[in-house]
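*Asks:* Protein chains in written order, with the numbering used here: chain A, 21 to 383; chain B, 697 to 871.
Everything labelled a hint here was simulated from the structure, so no lab data went into it.
It cannot be assumed that every hint is accurate.
According to the in silico footprint, chain B covers these stretches of chain A (three or more CB under 8 Å from chain B) [claimed, not checked]: (1) 56 to 70; (2) 232 to 245; (3) 273 to 283; (4) 327 to 335.
Within a straight-line C-alpha distance of at most 25 Å, the following computed DMTMM-like cross-link-like pairs (lysine to aspartate or glutamate) qualify [claimed, not checked]: (5) A:K347 <-> A:D287; (6) A:K347 <-> A:D309; (7) A:K273 <-> B:D820; (8) A:K30 <-> B:E731; (9) A:K311 <-> B:D824; (10) B:K727 <-> A:D383; (11) A:K229 <-> A:E38; (12) A:K317 <-> B:D824; (13) A:K273 <-> B:D728; (14) A:K273 <-> B:E714; (15) A:K317 <-> A:D243; (16) A:K229 <-> B:D789; (17) A:K30 <-> B:D762; (18) A:K273 <-> B:E731; (19) A:K231 <-> B:E714; (20) A:K52 <-> B:D789; (21) B:K727 <-> A:E38; (22) A:K101 <-> A:E236; (23) A:K101 <-> A:E165; (24) B:K851 <-> B:E714.
Since this is a predicted model, take the numbers as computed values, not measurements.
In this text, a Cβ means the ideal position worked out from N, Cα and C, and glycines have one as well.
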Amino acid sequence: MAILTFDDDKGAGDPVLEVLNDHGNDIFLFKKSGTEVFRLNKYGEMVSTSGWDHRVLNIPLGDIAADSDAFRYPVIISNKKITLLTAYISVDTTVAASATAYQTVALADADGNSIVSTTTAAGLTAKTPVSLGTLSTAHGILNAEEACYLTFTKTLTGMALSGCVLHLEYAVDATETSAITAEEQVINSLDTNGQITSDQTVRDHLSIKNKDDGTEYFNVSLDGIVEAVNAANRFHIAINSAGAITAASDDTKVITAFRANGAVQIDKIYIGSYASEAADSDADYETIDIKKNASNKLASISVGGPVASGLALTYGVYVSMGTIEEKEALLASGDRITIHFTATSSGENLAGLFFLIVYRKLD
Amino acid sequence: MGAVMTLRSGKGSRAIVEVNKDSGDFLVFYKDTVEVFSVDINGLPDTTCNQQYFYESVNIGDIVADSDAITPVIFFKQQAATLVGIYLSCDEDKALDAANYQTIAVLDESANSIVSLAWTAAFDVDTDVPLTMGSLSGTHKILTAGEHAYATFTKTLNGQAISGLTFHILYTVES
Numbered sequence: 021m022a023i024l025t026f027d028d029d030k031g032a033g034d035p036v037l038e039v040l041n042d043h044g045n046d047i048f049l050f051k052k053s054g055t056e057v058f059r060l061n062k063y064g065e066m067v068s069t070s071g072w073d074h075r076v077l078n079i080p081l082g083d084i085a086a087d088s089d090a091f092r093y094p095v096i097i098s099n100k101k102i103t104l105l106t107a108y109i110s111v112d113t114t115v116a117a118s119a120t121a122y123q124t125v126a127l128a129d130a131d132g133n134s135i136v137s138t139t140t141a142a143g144l145t146a147k148t149p150v151s152l153g154t155l156s157t158a159h160g161i162l163n164a165e166e167a168c169y170l171t172f173t174k175t176l177t178g179m180a181l182s183g184c185v186l187h188l189e190y191a192v193d194a195t196e197t198s199a200i201t202a203e204e205q206v207i208n209s210l211d212t213n214g215q216i217t218s219d220q221t222v223r224d225h226l227s228i229k230n231k232d233d234g235t236e237y238f239n240v241s242l243d244g245i246v247e248a249v250n251a252a253n254r255f256h257i258a259i260n261s262a263g264a265i266t267a268a269s270d271d272t273k274v275i276t277a278f279r280a281n282g283a284v285q286i287d288k289i290y291i292g293s294y295a296s297e298a299a300d301s302d303a304d305y306e307t308i309d310i311k312k313n314a315s316n317k318l319a320s321i322s323v324g325g326p327v328a329s330g331l332a333l334t335y336g337v338y339v340s341m342g343t344i345e346e347k348e349a350l351l352a353s354g355d356r357i358t359i360h361f362t363a364t365s366s367g368e369n370l371a372g373l374f375f376l377i378v379y380r381k382l383d
Numbered sequence: 697m698g699a700v701m702t703l704r705s706g707k708g709s710r711a712i713v714e715v716n717k718d719s720g721d722f723l724v725f726y727k728d729t730v731e732v733f734s735v736d737i738n739g740l741p742d743t744t745c746n747q748q749y750f751y752e753s754v755n756i757g758d759i760v761a762d763s764d765a766i767t768p769v770i771f772f773k774q775q776a777a778t779l780v781g782i783y784l785s786c787d788e789d790k791a792l793d794a795a796n797y798q799t800i801a802v803l804d805e806s807a808n809s810i811v812s813l814a815w816t817a818a819f820d821v822d823t824d825v826p827l828t829m830g831s832l833s834g835t836h837k838i839l840t841a842g843e844h845a846y847a848t849f850t851k852t853l854n855g856q857a858i859s860g861l862t863f864h865i866l867y868t869v870e871s
């Protein structure tokens, strides 16, 4: 039996449970046998020790040549502060051990500080992810708009890696840590039912507002849709490894980088490359358009030129593609984000492109 | 009419509502007796809305006509997850070919088939939405913590090269 049960079919427009707060309190703190497993803080951030908080990105890097020292692979950037949790690599074809010729795989923050590093001297088995090791607690925390990158540094003649994929796990940092320090049971029950239950036909279940001005910053609707307007962890990231683009084939290439499931809003799009590209030509350059489905443009940049307005890419660094066209930023379920390439004059060959999309789920 | 219960706080550092228990859900919201949102004993928020789904775009690049030997890992997560849907796209138009094609399969870590598709159909990069691989195995789509899924390619006759093959993966997080 629940301790608090709300069963109501009246009162449309008003929530069942309203919390008015302007202080440092968490709204909810849930503990499993005395250990915190969930809290809803004053910013409307749901912080959970479950896999819900642990975001994962599987980032294909393609074939790594034996000598790939010249490249830096952009890994991730976020509009909010994040903590990297684990990093693994895998290959699509087994490569034998070599104690003399191998790669040192290193993940570094934007300032070049090592987050983690390991070697491939032991070889890699196909379809078997291998941990890069324990991540630095100092440098594995990336501030908003701080990128990190991956490098492969050969020893002797190096080691070629076929179909390499980086598997990265991260969490979006809560805006503040829990204020709770003491151990106390405010509500407890021995049975297994929900402790706070609400069964409604018209009301929202939960609304959290500023105590003084009534501004709502967290809501759970009648349908269970969570709206947390200020929460850092409402943002999600998708990465597409576009690979090499050759000017000769650009007109035929359209990359489907994202498929919406449910309504989403696109907030930012970044581009990165594992090789630097200067904006050094007014005649030959590549225009990259990001579109909703295949026609409605969200963002556009030119790479390789023109000199005055083109975007220069620095290897290993994600840069914003600029302001998103607001009216195209809302995607319905099934809508796509596609990437298109157009050459001006001879165009530009682009090596190892990556696109990173920041979005939020709306329903 | 106002809220049924209003909690007002301007002081103190403790949580407004604190629950400590050993089993069962902490919080359950129903819409006319059907559960729509909960927080379970492991702190997992769960909703029946689209916010329950997580998404991955995994572009493994160009697949040559004979790619039978490669087995790229396309999904790996340290926590338990259930794959909900897997979709395919490519970045250059692909012709219909019922004789030469790839059978693309996704398998769990123990090599059990999660889903398999003989991709004979054409794909128009301008107009086609990602192609569903079909219904996933009810048993093997559930991946335990730290279990990965990988792809295989099996050519029929001469096979078919695919440019910029991307897996679009939808999954939910398990408690």
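*Asks:* None of the hints should be skipped; say for each whether it holds.
*Replies:* Hints and how they fare:
no.: 1; hint: 56 to 70; result: holds (count 8)
no.: 2; hint: 232 to 245; result: holds (count 5)
no.: 3; hint: 273 to 283; result: holds (count 10)
no.: 4; hint: 327 to 335; result: violated (count 0)
no.: 5; hint: A:K347 <-> A:D287; result: holds, 12 Å
no.: 6; hint: A:K347 <-> A:D309; result: holds, 16 Å
no.: 7; hint: A:K273 <-> B:D820; result: holds, 11 Å
no.: 8; hint: A:K30 <-> B:E731; result: holds, 18 Å
no.: 9; hint: A:K311 <-> B:D824; result: holds, 14 Å
no.: 10; hint: B:K727 <-> A:D383; result: holds, 16 Å
no.: 11; hint: A:K229 <-> A:E38; result: holds, 8 Å
no.: 12; hint: A:K317 <-> B:D824; result: holds, 17 Å
no.: 13; hint: A:K273 <-> B:D728; result: violated, 49 Å
no.: 14; hint: A:K273 <-> B:E714; result: violated, 54 Å
no.: 15; hint: A:K317 <-> A:D243; result: violated, 32 Å
no.: 16; hint: A:K229 <-> B:D789; result: violated, 51 Å
no.: 17; hint: A:K30 <-> B:D762; result: violated, 64 Å
no.: 18; hint: A:K273 <-> B:E731; result: violated, 45 Å
no.: 19; hint: A:K231 <-> B:E714; result: holds, 20 Å
no.: 20; hint: A:K52 <-> B:D789; result: violated, 52 Å
no.: 21; hint: B:K727 <-> A:E38; result: holds, 18 Å
no.: 22; hint: A:K101 <-> A:E236; result: holds, 23 Å
no.: 23; hint: A:K101 <-> A:E165; result: holds, 8 Å
no.: 24; hint: B:K851 <-> B:E714; result: violated, 58 Å
Figure legend: structure checked against the earlier numbered hints; hints not met, in rising order: 4, 13, 14, 15, 16, 17, 18, 20, 24.
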